[in-house]
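Read top to bottom, the protein sequences are chains A and B. Numbered as in the numbering used here, the first sequence ends at 622 without a single skipped number. Numbered as in the numbering used here, the second sequence ends at 622 without a single skipped number.
There could be a bad hint or two in this list.
Pairs involving identical chains hold if they fit within one copy or between any two copies, as the list cannot separate such chains.
In silico DSS-like links for lysine-lysine, alpha-carbon gap of 25 Å or less [stated by the list, open to error]:
id : residue 1 : residue 2
1  : LYS284    : LYS551
2  : LYS190    : LYS610
3  : LYS241    : LYS171
4  : LYS135    : LYS610
5  : LYS253    : LYS610
6  : LYS551    : LYS568
7  : LYS568    : LYS549
8  : LYS145    : LYS549
9  : LYS366    : LYS145
10 : LYS549    : LYS214
11 : LYS610    : LYS145
12 : LYS145    : LYS551
13 : LYS551    : LYS214
14 : LYS271    : LYS420
These aren't lab readings, by the way, just hints derived from the structure by calculation.
Letter by letter, the chains look like this.
Protein chains: 2
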Amino acid sequence: MPGRGRARCASHRRRLIGVAVAAGSALLVSCKGDKEKDDARVALAARTGPATATGDTTTKYADDGQWVRPAKDFQGTRFSGLTEINNTNVQNLHVFGTFSLGTTRGVEAAPIVADNTMYLITPFPNIVYALDLTKEGMPTKWSFKPRPENASQGVACCDVVNRGLVVDAGKVIFNTLDGRTIALDAATGKELWDTQLANINLGESVTMAPLVVKGKVFVGVSGGEFGVRGWLKAVDENSGKLAWTAYHTGPDKDVLIGPDFKPFYKMDQGKDLGVSSWPADQWKIGGAGAWGWVTYDPELDLIYYGTANPGPWNPEMRPGDNKWSSTIFARHPDNGEAVWAYQLSPHDEHDYDGVNENILVDMDWKGSRRQLILRPDRNGYFYVIDRKSGEVLSAEPFGFINTTNGVDLTTGRLQYVPEKATRLGQVTRYNCPAAPGAKDWQPAAYSPRTGLVYIPHQNLCEDEEGLEANYIAGTPFVGANVKMYAGPGGHRGLFDAWDPVGQHVVWSKQEDLPVWSGALVTAGDVAFYGTMDGWFKAVDARTGHDLWKFKTGSGIISQPMTYRYGGKQYIAVLAGVGGWSGAIVAGGLDARDSSAALGFVNAMKDLPQKSTKGGMLYVFAL
Amino acid sequence: MPGRGRARCASHRRRLIGVAVAAGSALLVSCKGDKEKDDARVALAARTGPATATGDTTTKYADDGQWVRPAKDFQGTRFSGLTEINNTNVQNLHVFGTFSLGTTRGVEAAPIVADNTMYLITPFPNIVYALDLTKEGMPTKWSFKPRPENASQGVACCDVVNRGLVVDAGKVIFNTLDGRTIALDAATGKELWDTQLANINLGESVTMAPLVVKGKVFVGVSGGEFGVRGWLKAVDENSGKLAWTAYHTGPDKDVLIGPDFKPFYKMDQGKDLGVSSWPADQWKIGGAGAWGWVTYDPELDLIYYGTANPGPWNPEMRPGDNKWSSTIFARHPDNGEAVWAYQLSPHDEHDYDGVNENILVDMDWKGSRRQLILRPDRNGYFYVIDRKSGEVLSAEPFGFINTTNGVDLTTGRLQYVPEKATRLGQVTRYNCPAAPGAKDWQPAAYSPRTGLVYIPHQNLCEDEEGLEANYIAGTPFVGANVKMYAGPGGHRGLFDAWDPVGQHVVWSKQEDLPVWSGALVTAGDVAFYGTMDGWFKAVDARTGHDLWKFKTGSGIISQPMTYRYGGKQYIAVLAGVGGWSGAIVAGGLDARDSSAALGFVNAMKDLPQKSTKGGMLYVFAL
């Protein structure tokens, strides 16, 4: 069980072998491991002087100052080549401008900048604003308010968030909670097309940010807690017409599994596993949406994304691997045909889901150049995967884990700890990580200058009990009673720098509350993230030293970004607490109901004293 | 008709006789007048070198850096003696901190600072926050959310605003929209008492900021558009028990008119005018609330406040003077007995109301020292009144007026233009000022250093038609169809410096939108105000020169203030568009309905393109 020892090392028995840095709470931590890893760590530590890129991705970032999709690039790095704001002057940042979204629900989106215009999207009702960067005070150039279906709020599991819009080919393209994808003229805000993709009567909603590749818009469904049958759809960018649908359960033909499909591991091989890995007709209501991130490799011409948890949560109601829930798919963008799949958490026992981002980086790996996926997964393991073949090269814990004993790299299978399984009518205590995982949707960033991945995440455990769940279309279908609380150490959040080659944490910053914001890292060697009590923070990308912070008006659970206008660099972030973690504030939930927000409220009873709600843009400059 | 000529001079025929200043849009404007006024103007212009106080009020402002009530002092000056931020360095102001109120309705309140704590109150549901100024990021020390009656929103004429709380004797005291006055322990937020004063079933609500004097809390009612019978009540600060009620219509005994009552003008003298100046029982539903400002003179031991418009708006339904609507009362604080009253707008034809602030200043007036009220009234005249006797010493137009021909200083009577009267079933066009007056609730500031009054106000005219109105308790009782639009010049707002001695405008700044925020002026000779598209502005208090501005996230309709903590001066203001003027945004009203928000929407159709909603605190520092 090679995984077991490593898991224990970096979780149960993580030891400090580095030194505390001079400022802030960052600690250089690592884990004793095998020779190769130690060598890699030493190699990293030995880098001095000017930063050198560890991957060929550097050359892709000749930065034009734009930020046209939430993750900036197709590869999902959230790295900016801008250097005006850097680790020597970031402490001089001040508020350049602000703009109220006019909403009070959780704000998970990234500001988008294209052609001297900033585009913002609000939580439901998904209003889009275009702010004119060329004018004093960034006045609104146009705004667009869909006429949304209010009932869609009833099928949103975890606040009515939206994770961002994209700008492509002169169009602003975004999804609405009620399941539409809309394209607007980026210059005028005029609606070009509006395509209904999801059906709220089946519990379907859409919260994710679309990605546009080669004239196709990729949109995935939310609703793993409502018995949806998950899918990813491709819509023609010009006409708004549906191009293809890939379901995540059911027969191969529905999943777009055909002759090109070559999964690396045996467990993912076989005909119609999307049917046979479920009891009876359960696959028809088996969840496995796609509400996280899609990335794209132009060289291999493949898109990558992860599917969500199987439903219901109660695993005893769905014996089997429950394919293709909690799975990474590599697909051809043109026709959706699957090239490989890898199920991260087969028969997901704890809502570990699989929607997290796949960051695409080319890197030297044990002596040879590899096309990799870097992926901090919700189940707590940091995966390094060959993105051509789907082979897992490494899966080391970046958070505290006691529900599984690592990943068997021979079989690819996650090793569950049997006594931690979720059982009907029986409370299993101290399951770590809790249902939101060691890291949820909040996206990490990768710097080709440091070779590190900056991971915002949480440290939560839970008590968990399986319940009977009855499927009624469009209503909650969960089957679990959960209460979350802080994991070991009592801190609920972390912002970590992870060395994917050395396979260990380089520095780690503890935060009181879950770090539910995305990360940003720049060529100025500054990493940015936000906290749920409203602090927007800049730290040194190499050392984790605290460099600067500003308290925004509400908790931050969104995606910071940077852009250049008029030769000057700006940093922007949206404040507005909420989401699953902040539902107690955004939804005004009662702190006495520990199981509210699927058990997250129990871990966040103090949040109402630490953050008010309210969506607001902050732009910072030197 | 001495008033007529003056009115025409300063309104219809206002001419530029000064010079444009070097920066900004400020103009030194004045009006040709009689010799006395010209002399006063010359005297003002001749002042050079260090500022000299024009009134003895200066000595009252040895500033402790606190700001415990919305108007700062009992006299309502909104003047701070702090000088760290001044007209030589204000351009270096930056955002020190922000805090989201978590609400999206109009924010008219002032931040309050007492004992190193900042207290904020939101629009309905009137949540109170105590922010700890001693800690980084100003975290919330405590918050208090009343359990309010949601139905109260249905009897709020003009958004669900709250104009501020007060801190007195270790208590935070505030009113709720649903008609309660609540006292909290300022240190802990623990509720001390909660007294129901208004009855929403009668259309009563409370939006005003209370004033506490000598252990009594003064609270007035809103509801002039719902057929309330207006009142001011005094509540014992320690017990929360009702001490006295002064009605504003009805028999003298209900109005607390007794042997001490000595109105200056004959028109205000006589028995039970609160009955006889109304048809039949109309006084019982005659409006005349008190939702504006109460000020207090400790020397004379008198409180001053104005009453609201009579109801319904249709004046043909209520022949007579309609006392005591649109009236200033001077009362003993201990027992509420009236000492004098002066009806500013008898038989109010155009909802000119009378709630505006009475700023109490001692000043030389034509050779002798006088105890004065300075009052920019909604009807468009700037009143200078002897606050001991109620005699009007001056009433000159500070805005464009064509509905009246001035005030007859012999009789005290406002001179209506008959052809501008509101008539049943007949549209009268181009009535100026419109129903919100030349200036509404938004409070002016007075600087004893410059001797000037800084007046935020609007420039709106309207078309008006009387309608039949039927009284049904707790429902709208208006009886008018109104459409507002910009007055002469096309600008809808102004920020003016008025010389009360010279009786003319010294400088004037035109704004596109109504200036619906209060004013602040400091001993650093800087005046502050906000605009409905979110600009917070600092101008030179002497010249009107633009010194600095910052665009907040939403339109500003609140009351800026300044305080000192840890030896450092801060400026604070709440953003959050709404109120009567901003109801189109805060209430999401349809721009196609010109008569919405009592006709204000017609004048504000562009506001949704210029401001989003959202309540947010901004604190600025050097």
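Going down the list of hints, with the structure as the test:
When the C-alpha separation of LYS284 and LYS551 is checked against a cutoff of 25 Å, the pair qualifies neither within a copy, at 46 Å, nor between copies, at 52 Å. Taking the shortest Cα distances, LYS190 and LYS610 sit within 25 Å of each other only across copies (18 Å), while inside one copy they are farther apart (40 Å). Proximity of LYS241 and LYS171 under a CA criterion of 25 Å is satisfied intra-copy only: 15 Å inside one chain copy versus 63 Å between copies. Taking the shortest alpha-carbon separations for LYS135 and LYS610, only the inter-copy value of 13 Å comes in at or below 25 Å, while the best intra-copy value is 35 Å.
Taking the closest pair of Cα atoms, LYS253 and LYS610 never come within 25 Å of each other, the shortest separation being 50 Å inside a single copy and 51 Å across copies. Proximity of LYS551 to LYS568 under the C-alpha cut-off of 25 Å is found in both arrangements, the shortest distances being 23 Å within a copy and 19 Å between copies. Proximity of LYS568 to LYS549 under the C-alpha cut-off of 25 Å is found in both arrangements, the shortest distances being 20 Å within a copy and 20 Å between copies. For a Cα distance limit of 25 Å, the shortest separation of LYS145 from LYS549 qualifies neither inside one copy, at 33 Å, nor across copies, at 30 Å.
Proximity of LYS366 to LYS145 under the C-alpha cut-off of 25 Å is found in neither arrangement, the shortest distances being 52 Å within a copy and 60 Å between copies. For a Cα distance limit of 25 Å, the shortest separation of LYS549 from LYS214 qualifies neither inside one copy, at 39 Å, nor across copies, at 45 Å. Only between protomers do LYS610 and LYS145 lie at most 25 Å apart by alpha-carbon distance; the minimum there is 15 Å, versus 31 Å within a single protomer. When the C-alpha separation of LYS145 and LYS551 is checked against a cutoff of 25 Å, the pair qualifies only between copies, where the shortest distance is 23 Å, while the shortest distance within a copy is 30 Å.
In the homo-oligomer, the alpha carbons of LYS551 and LYS214 never lie at most 25 Å apart, since the shortest distance is 40 Å inside one protomer and 39 Å across protomers. Taking identical chains as interchangeable, the C-alpha atoms of LYS271 and LYS420 are never at most 25 Å apart, the minima being 31 Å within one chain and 86 Å between chains.
In the structure shown, a violation is registered for the earlier hints numbered 1, 5, 8, 9, 10, 13, 14, in ascending order.
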